[in-house]
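Chemist: Spelled out from the first residue to the last, the chains are:
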Amino acid sequence: MIPQNILYIAIILIILYLAGITFAYWFFLRSKRNIEMKESEVKHRMYELAILKEIADRTGYSLNIQKILDVIAGSLNQFLEYDVAAYMLLNPDKIIFKSDLQHSVSPQFIKEVRGRMLKSLAAILGRDLTNVSVEETITGALMLEATDEPVRSYFNIPLVIGDQLVGVLTIAHRKEGFYKEEEMSILYKIVSQASQAVTKLEETVKTEQRKTAAMIESMIEGVVMTDRDYRILAANAAARNAIGYEGTELPTIFDFITGLNGAFDIKEKLEESIKLDKPLTFKNVMLRGKYYEVLISPVKSDVGVIKNQILGGVVVLHDITHEKEAEKMRDDFTSMIVHELRSPLGNIKKIGEMMKSTKVLENKQMSSEYVAMLSESSSSMLTLLNDLLDAAKISAGKFTVEKKESNLKELLLGRVKFFDTTARDGKIELSLSFEASAPTTASFDPVRIIQVVNNLLTNALNFTPPGGKVAVECFLHKKGSTIDQEATKLQLPWIASREDSSTGMLDDCLVIAVTDSGEGIAPENFGKLFNKFTQFVGAARENKHKGTGLGLVIAKGIVEAHGGTIRVGSIVGKGTTVYVTINL
Amino acid sequence: MDQNEQYKSIMSEIIGKQIIILGPNVAVMRARKVPNLVINDDGTVASITGDPSEAMGKLIDSYVELSGQIVKNTLGSIFTKYPEIKQAS
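Chains as they are written, first to last, in my numbering: chain A, 1 to 584; chain B, 1001 to 1089.
Note that these hints are calculated values from the structure, not bench results.
Be careful, since some hints might not be right.
Rough simulated footprint, nothing fancy, chain B against chain A, three-plus residues with beta-carbon under 8 Å [stated by the list, open to error]:
id: 1; segment: 105-118
id: 2; segment: 123-132
id: 3; segment: 272-285
Cut-off 20 Å, straight-line C-alpha distance, at most; resulting in silico cross-link-like pairs (PhoX-like, lysine-lysine) [stated by the list, open to error]:
id: 4; chain 1: A; residue 1: K267; chain 2: A; residue 2: K38
id: 5; chain 1: B; residue 1: K1072; chain 2: A; residue 2: K119
id: 6; chain 1: A; residue 1: K200; chain 2: A; residue 2: K189
id: 7; chain 1: B; residue 1: K1017; chain 2: B; residue 2: K1072
id: 8; chain 1: A; residue 1: K275; chain 2: A; residue 2: K307
id: 9; chain 1: A; residue 1: K324; chain 2: A; residue 2: K528
id: 10; chain 1: A; residue 1: K556; chain 2: A; residue 2: K528
id: 11; chain 1: A; residue 1: K67; chain 2: A; residue 2: K180
id: 12; chain 1: A; residue 1: K267; chain 2: A; residue 2: K307
id: 13; chain 1: B; residue 1: K1033; chain 2: A; residue 2: K119
id: 14; chain 1: A; residue 1: K189; chain 2: B; residue 2: K1033
id: 15; chain 1: A; residue 1: K180; chain 2: B; residue 2: K1072
id: 16; chain 1: A; residue 1: K328; chain 2: A; residue 2: K528
id: 17; chain 1: B; residue 1: K1058; chain 2: B; residue 2: K1017
id: 18; chain 1: B; residue 1: K1081; chain 2: A; residue 2: K189
What the simulated footprint calls covered on chain B by chain A, stretch by stretch (three residues with Cβ under 8 Å from a Cβ of chain A suffice, anywhere in the stretch; the number is not a length) [unchecked claim]:
id: 19; segment: 1019-1028
id: 20; segment: 1062-1070
Keep in mind it's a predicted model, so treat the numbers as computed, not measured.
From the three backbone atoms N, C-alpha and C, an ideal C-beta is built for every residue, glycine too.
All chains, full assembly: derive it from the sequences and hints.
Modeler: What follows is the structure, given as structure tokens:
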């Protein structure tokens, strides 16, 4: 018989032994489970890292979300079993639906997956997508009518770039409750990380695009950039103005087609340029009253695997309206010079032919008249050529004057006397007023100042009708008061210049002015007065007094070469004052 | 309808919407992780214990954690039906 206390001890030992074994087994199971969980975690983590690396390697995290999805879908089978892995991508005009079959399923199964994906997108977007066209691609295992099993397990992962929904990724299986939370969470995480990477990349690209857009916007030339499908990527203010587009949104290619109003087929020319792979230039394209030179060029990538690939097109609208106007001015000027030369040359030719006749040569009076006419015609040509030469020197900045102490009062008296006959012939009252306090002498080039006064008086007499008045005035300007104020104080006939307010700053100088009571100059013609190519059309000039129009250009050049200034004041129907200053 | 019922109803609708967006497996699974909520297999809320407002916030956060802010943006139409219940920003 075993003593009772030993029996108790034995029982306790047995219990302790069993408890130890149980604990050891439990500990073993727990450790095993932990190891399995760790292994699974590591496996998932490895997969997560591997797939993210693969995305980075294969797409460089490009902005093409479809490429990224192809990588994800293509590697899913490494960690997840599925019947169908599919994605849908929202495009402006369609939805791209691509599904990969790991096992054969029925067409109905695909239809069901597609329907659920469309519902998911519609629920997020808050709009119906039933009428949107779906472009479907199926890869992987064959579809079999026989495998008529429905979708029993699936989950959707919305694809978001920035704040915009771009599509949905769906994993589906025919078995009920097939996917565990852990597997689904990992896939959500991978897609989320890829989306975040693309979002960051897109933000960087957008920042760069904004910088480029700001640069394009500030360009004087109209610039339009399109992608390969002729969608407008950028159109600066000059381009928008060229087509009269007033919207706040980026204009579309259709806005350009409408705005160009048949003057230029932008889409066709872009297609042509891209097809020929060379820039095209179109001159003299008239848009809304302006002339443009239009340059169209394909845009190519110059980096990476897509080097030399055409990315789109660029249209540059160069406004050549001013160039065309300048060209016309030059042509008009040349025509005018030719016309002015042809007349005296024609006369010389005719006189020469007549003087061949012995009858004329024997008649002294007739010969003398013809010689005088020859002299007049050649003088006229010489004057014109001298004017042209002076204007050319002034333009080239090579015009010089020879200043010497000269008597201005005598010079002006001489000029008034010279033009007195012309004035009387035109029934015009010509007068001279020389202020008593003004110095009679100053340092200037008398030959050139005579030329200036001649030009001013010729213009004044040409543009003053019979019965009118032309006054030559000379007075002293003192720094601090304006020339207009001084002329008014002296009670001179005077039309104030718009720029007179600034004359208060001029140092003491002599003012020579010619004021007429003629037709005056319209404000829009003021800008043409000192342009050698622009002879504005005045009634008097048009009908009676055609000329080179170089008079004021040369006068300005002479006065400025003396360090002085020339100003014009005029009121249509009342008259004109042109004055020049000569420094003391 | 008392407030608790309103919360049950709105949360059921939120889960229902997520069932369409994410699929029933994920949507119900995520809802079941929210403390103080008992969720039926069809995604309806069977019962709420504790603060229903807090539970609703956690339910929405759970979906946002999974698939981002865009999911939250889809809930506006549901909240307009329950003017007494404010959506946590």
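Chemist: I'd like to know which numbered hints this structure contradicts. Please list them from smallest to largest.
Modeler: 1, 3, 4, 11, 12, 13, 15, 18
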